[in-house]
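Engineer: What follows is each chain in one-letter form.
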Amino acid sequence: GENVEQHPSTLSVQEGDSAVIKCTYSDSASNYFPWYKQELGKRPQLIIDIRSNVGEKKDQRIAVTLNKTAKHFSLHITETQPEDSAVYFCAASAHRNNYGQNFVFGPGTRLSVLP
Amino acid sequence: DTEVTQTPKHLVMGMTNKKSLKCEQHMGHRAMYWYKQKAKKPPELMFVYSYEKLSINESVPSRFSPECPNSSLLNLHLHALQPEDSALYLCASSQVSAVNTEAFFGQGTRLTVV
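Protein chains in written order, with the working numbering: chain C, 1 to 115; chain Y, 1001 to 1114.
Source of the hints: derived by calculation from the structure; they are not laboratory data. Predicted model, so just to flag it, every value in this text is computed and none were measured. Check before you lean on any hint, since a few could be wrong.
Below, simulated DSS-like cross-link-like pairs (lysine-lysine); rule was C-alpha separation at most 25 angstroms, straight line [claimed, not checked]:
#1 Y:Lys1038 <-> Y:Lys1019
#2 C:Lys22 <-> Y:Lys1040
#3 Y:Lys1038 <-> C:Lys42
#4 C:Lys42 <-> Y:Lys1041
#5 C:Lys42 <-> Y:Lys1040
#6 Y:Lys1038 <-> Y:Lys1018
#7 Y:Lys1019 <-> Y:Lys1009
#8 C:Lys22 <-> Y:Lys1036
#9 Y:Lys1038 <-> C:Lys22
#10 Y:Lys1041 <-> C:Lys71
#11 C:Lys42 <-> Y:Lys1022
#12 C:Lys42 <-> Y:Lys1019
#13 C:Lys42 <-> Y:Lys1036
#14 C:Lys42 <-> Y:Lys1053
#15 C:Lys58 <-> C:Lys22
#16 Y:Lys1009 <-> Y:Lys1022
#17 Y:Lys1009 <-> Y:Lys1038
#18 C:Lys22 <-> Y:Lys1009
#19 Y:Lys1036 <-> Y:Lys1009
#20 C:Lys42 <-> C:Lys22
Construct all of the structure, not just a fragment, from the sequences and the given hints.
Structural biologist: Structure below.
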């Protein structure tokens, strides 16, 4: 089955700096890679995702890159703000028709943005 | 409406009790999921329903019994749980037929087994 690793487990940055979180996956059939942000006591919320036919995607201060050959993908947050502080989970999924998604999550990165 | 609604928000139950968790969505999604999340850990997939049929069971103990009575509702029946089953139980939904789509999560039910 799929195995997703994520680094670092904790990350502290100064407000305004950039943050980078890296994930690797094992199943070459995985073709969808979402990133979720989870604040304390709240639900995971999708912040950005990337599909296997795309190498990079950007949405304002957030970008994700995917290297299918190396089986790794990364989240980049620029101009970090205190409200970016949360736990971030990467995930990988191999869609199978009529079965839905079998998301496997990485262990998470606790990001702290220091004012 | 992009909401997945779970009830109750909190639940305390004894090891001999029977209780149910409920999940509802009205986005027309035909895939629904149950995840278990322990503190400081990622969500772990328990069950996937696709078109109201169980499509994935990740070797979950039989004291957890899922049910999908219709395309909008997903239940998780609990019986004879153990204290180690205490966790946040998250429901999610997504499309099935489209390739690679977003999963929307509910706010979760925080379960404590005493």
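Engineer: Evaluate each hint against the coordinates.
Structural biologist: Hints and how they fare:
| no. | hint | in the structure |
| --- | --- | --- |
| 1 | Y:Lys1038 <-> Y:Lys1019 | holds, 19 angstroms |
| 2 | C:Lys22 <-> Y:Lys1040 | holds, 18 angstroms |
| 3 | Y:Lys1038 <-> C:Lys42 | holds, 13 angstroms |
| 4 | C:Lys42 <-> Y:Lys1041 | holds, 14 angstroms |
| 5 | C:Lys42 <-> Y:Lys1040 | holds, 13 angstroms |
| 6 | Y:Lys1038 <-> Y:Lys1018 | holds, 21 angstroms |
| 7 | Y:Lys1019 <-> Y:Lys1009 | holds, 13 angstroms |
| 8 | C:Lys22 <-> Y:Lys1036 | holds, 24 angstroms |
| 9 | Y:Lys1038 <-> C:Lys22 | holds, 22 angstroms |
| 10 | Y:Lys1041 <-> C:Lys71 | holds, 23 angstroms |
| 11 | C:Lys42 <-> Y:Lys1022 | holds, 17 angstroms |
| 12 | C:Lys42 <-> Y:Lys1019 | holds, 23 angstroms |
| 13 | C:Lys42 <-> Y:Lys1036 | holds, 14 angstroms |
| 14 | C:Lys42 <-> Y:Lys1053 | violated, 28 angstroms |
| 15 | C:Lys58 <-> C:Lys22 | holds, 16 angstroms |
| 16 | Y:Lys1009 <-> Y:Lys1022 | holds, 10 angstroms |
| 17 | Y:Lys1009 <-> Y:Lys1038 | holds, 16 angstroms |
| 18 | C:Lys22 <-> Y:Lys1009 | violated, 33 angstroms |
| 19 | Y:Lys1036 <-> Y:Lys1009 | holds, 14 angstroms |
| 20 | C:Lys42 <-> C:Lys22 | holds, 23 angstroms |
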